[in-house]
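Undergrad: Next come the chains, spelled out residue by residue.
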Amino acid sequence: MLRSLYTAATGMQAQQLRLDITAHNLANASTTGFKKGRADFEDLLSETIRPATGPQAGNGGSPTPLEVGLGTRLSSTTRFLAQGDMVATNNPLDVSIEGNGFFAVQRPNGDAAFTRAGNFRVDATGRLVTAHGDLVEPGITVPQEALSVAIKPDGVVQAQVPGRGEPVQLGVLELVTFTNPGGLESMGNNLLRATEASGEPQRVRPGEDGTGALAQGYLEGSNVEAATEMIDMIVTQRAFEMSSKVIQTTDQMLQKLTNLR
Amino acid sequence: MTDGLYVGMTAATARAQQLEAVADNLANAQTPGFKATTPTFETYMVGDGSSQAPYVVASSTNVDRREGTTVISGNPLDVVPEGDLFLAVSMPGGQRGFTRAGRLSVDASGMLSAAGHPLLGASGGPILVPPGAAPTIRENGEVVVAGSVVDSISLFKLEGELQRVGPSLLLPQGKAVPQGETRLRVGELEMGNGNMLDAAVQLVAVQRHFDNAIQAIQTYRKMDSQAVELGRVRG
Numbered sequence: 007m008l009r010s011l012y013t014a015a016t017g018m019q020a021q022q023l024r025l026d027i028t029a030h031n032l033a034n035a036s037t038t039g040f041k042k043g044r045a046d047f048e049d050l051l052s053e054t055i056r057p058a059t060g061p062q063a064g065n066g067g068s069p070t071p072l073e074v075g076l077g078t079r080l081s082s083t084t085r086f087l088a089q090g091d092m093v094a095t096n097n098p099l100d101v102s103i104e105g106n107g108f109f110a111v112q113r114p115n116g117d118a119a120f121t122r123a124g125n126f127r128v129d130a131t132g133r134l135v136t137a138h139g140d141l142v143e144p145g146i147t148v149p150q151e152a153l154s155v156a157i158k159p160d161g162v163v164q165a166q167v168p169g170r171g172e173p174v175q176l177g178v179l180e181l182v183t184f185t186n187p188g189g190l191e192s193m194g195n196n197l198l199r200a201t202e203a204s205g206e207p208q209r210v211r212p213g214e215d216g217t218g219a220l221a222q223g224y225l226e227g228s229n230v231e232a233a234t235e236m237i238d239m240i241v242t243q244r245a246f247e248m249s250s251k252v253i254q255t256t257d258q259m260l261q262k263l264t265n266l267r
Numbered sequence: 086m087t088d089g090l091y092v093g094m095t096a097a098t099a100r101a102q103q104l105e106a107v108a109d110n111l112a113n114a115q116t117p118g119f120k121a122t123t124p125t126f127e128t129y130m131v132g133d134g135s136s137q138a139p140y141v142v143a144s145s146t147n148v149d150r151r152e153g154t155t156v157i158s159g160n161p162l163d164v165v166p167e168g169d170l171f172l173a174v175s176m177p178g179g180q181r182g183f184t185r186a187g188r189l190s191v192d193a194s195g196m197l198s199a200a201g202h203p204l205l206g207a208s209g210g211p212i213l214v215p216p217g218a219a220p221t222i223r224e225n226g227e228v229v230v231a232g233s234v235v236d237s238i239s240l241f242k243l244e245g246e247l248q249r250v251g252p253s254l255l256l257p258q259g260k261a262v263p264q265g266e267t268r269l270r271v272g273e274l275e276m277g278n279g280n281m282l283d284a285a286v287q288l289v290a291v292q293r294h295f296d297n298a299i300q301a302i303q304t305y306r307k308m309d310s311q312a313v314e315l316g317r318v319r320g
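Protein sequences, first through last, are from chains A and B.
For any residue, its number in my numbering is found by taking its place in the first sequence, counting from 1, and adding 6.
For any residue, its number in my numbering is found by taking its place in the second sequence, counting from 1, and adding 85.
Source of the hints: derived by calculation from the structure; they are not laboratory data.
Incorrect hints may appear among the rest.
[Said to hold, decoys possible] Here are the simulated lysine to aspartate or glutamate pairs, DMTMM-like style, with alpha carbons at most 25 Å apart: (1) A:K262 x B:D309; (2) A:K262 x B:D169; (3) A:K251 x B:D88; (4) A:K251 x B:D149; (5) B:K242 x B:D169; (6) A:K251 x A:E53; (7) A:K251 x B:D296; (8) A:K158 x A:E214; (9) A:K262 x B:D296; (10) A:K251 x A:D238; (11) A:K262 x B:D88.
Being a predicted model, the structure only gives us computed values, none of them experimental.
Make a model of the complete structure from these sequences and hints.
TA: Set out below in structure tokens:
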């Protein structure tokens, strides 16, 4: 009798967590390079009340066991890597990746991090950095006198400097890929960290080995779709309500039971 | 004491077991590949004929094979097997388990898994992709990396009743028959097949039947106490 109380409670808890994820997705609907998360549910192991038995003398046995499931839980959150909308900004240092891959950056403390947000800037010494001041890997320094910077689809970065007809090559922007990009861990500030589950980063030239080409002057928007999130919210709320109904029903039955005496 | 009191008790217990199943089915409405269960009940009579009271007991659990609602997820590694067929995975201990939870994932070593266990390919072994590669799945089950086929997913038909053995994992009572042709819907996920309407109706029915059983118990109690009253010597 009491099992249904706890089973329904697992349902309510899971729905609550799912709503937290939906709220985070919606809050980041206009975050550059944001990849939405999805709550993954799994059922909890069933309790076997009576195992299946073969036929016995004078009794056909029971071909299927008697078991009852104990509810649900969130097993993981999957990062959705679908492409976000491309937004034209015409800023020469805004770069987006048209396809798979991540930009590699170096945090001030030397740690490696990865991002899809290509809203780059130039710091006081001319180095290419992210909006948070993290160095873009491999390091590229834009000379102070540069008139314009061009980032080619294959990652080559060139600058036009006064007094020279030919553009000067500053370096090559590389991308990294992972065996399991879903296993990357969020660090906040649009940054992701490699984990044991994601595998080691593999350096690749943009456009090669299944990675996307770069597009200068564009930013990748968030891949959150408001309509999908709204529908998720309705489903979450109704599922929560149904589980709470089960708790009410169980409670009323328990009440009848206690009134027996 | 009359047998009726105990018949009422088994009836109330049976309804409570039914409610547990409803709670589980509702809690798993969004679990991919989840199959709803219903306990089946049977009449139990004492074998030696000393009592004619028909007790009710839950005898087994029936797993509903109906397909759940399919939602479009857009994730290239989400698949739904077409028809009443299942993906095969390797459970700890080497046993084969079956699932319709087509939420595939790749781990750091490049192994494809479903429902948390290694997914089995056409050769019967786990499906491995080269490290760093992003695999895609074709509708005929082929696992493709950078344009070349590395392995393919095979589907199985499960014979006989199903038994739940773990999160979204099932085992057939009969044989698991491999299918020659694989047809998958890619970018979709099948959710739990627990039906909200069924559950809502069952909630009401369970509660009312439970109330009736309790009413019966109370009536028998009253009869018993009146019998005791009759036998009391007045003084």
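Undergrad: Tell me if the straight-line CA distance from K251 of chain A to D296 of chain B falls inside 25 Å.
TA: OK: K251 of chain A and D296 of chain B at ~17 Å, within 25 Å.
Undergrad: K251 of chain A and D149 of chain B were given as a pair; does the straight-line alpha-carbon distance stay at or below 25 Å?
TA: holds (23 Å)
Undergrad: Taking 25 Å as the top limit, are the C-alpha atoms of K262 of chain A and D169 of chain B close enough?
TA: This hinted pair is violated, its Cα atoms lying about 42 Å apart.
Undergrad: Holds or violated: are the alpha carbons of K262 of chain A and D88 of chain B at most 25 Å from each other?
TA: holds (21 Å)
Undergrad: K251 of chain A and E53 of chain A: Cα distance at most 25 Å?
TA: Roughly 23 Å between the alpha carbons, so the hint for K251 of chain A and E53 of chain A holds.
Undergrad: Could you grab the alpha-carbon distance between K262 of chain A and D309 of chain B and see if it respects the 25 Å cut-off?
TA: holds (20 Å)
Undergrad: K262 of chain A and D296 of chain B: Cα distance at most 25 Å?
TA: holds (7 Å)
Undergrad: Check the hint pairing K251 of chain A with D88 of chain B against an upper bound of 25 Å on the C-alpha distance.
TA: Violated - the C-alpha atoms of D88 of chain B and K251 of chain A are around 34 Å apart, more than 25 Å.
Undergrad: Below or equal to 25 Å on CA atoms is what counts here, so check K158 of chain A against E214 of chain A.
TA: Holds. K158 of chain A to E214 of chain A sits at ~14 Å (cutoff 25 Å).
Undergrad: Given the proposed pairing of K251 of chain A with D238 of chain A, does the C-alpha separation stay at or below 25 Å?
TA: holds (20 Å)
Undergrad: Is the straight-line distance between the alpha-carbon of K242 of chain B and that of D169 of chain B 25 Å or less?
TA: Holds. K242 of chain B to D169 of chain B sits at ~7 Å (cutoff 25 Å).
Checked against the numbered hints given earlier, this structure breaks hints 2 and 3; the rest are met.
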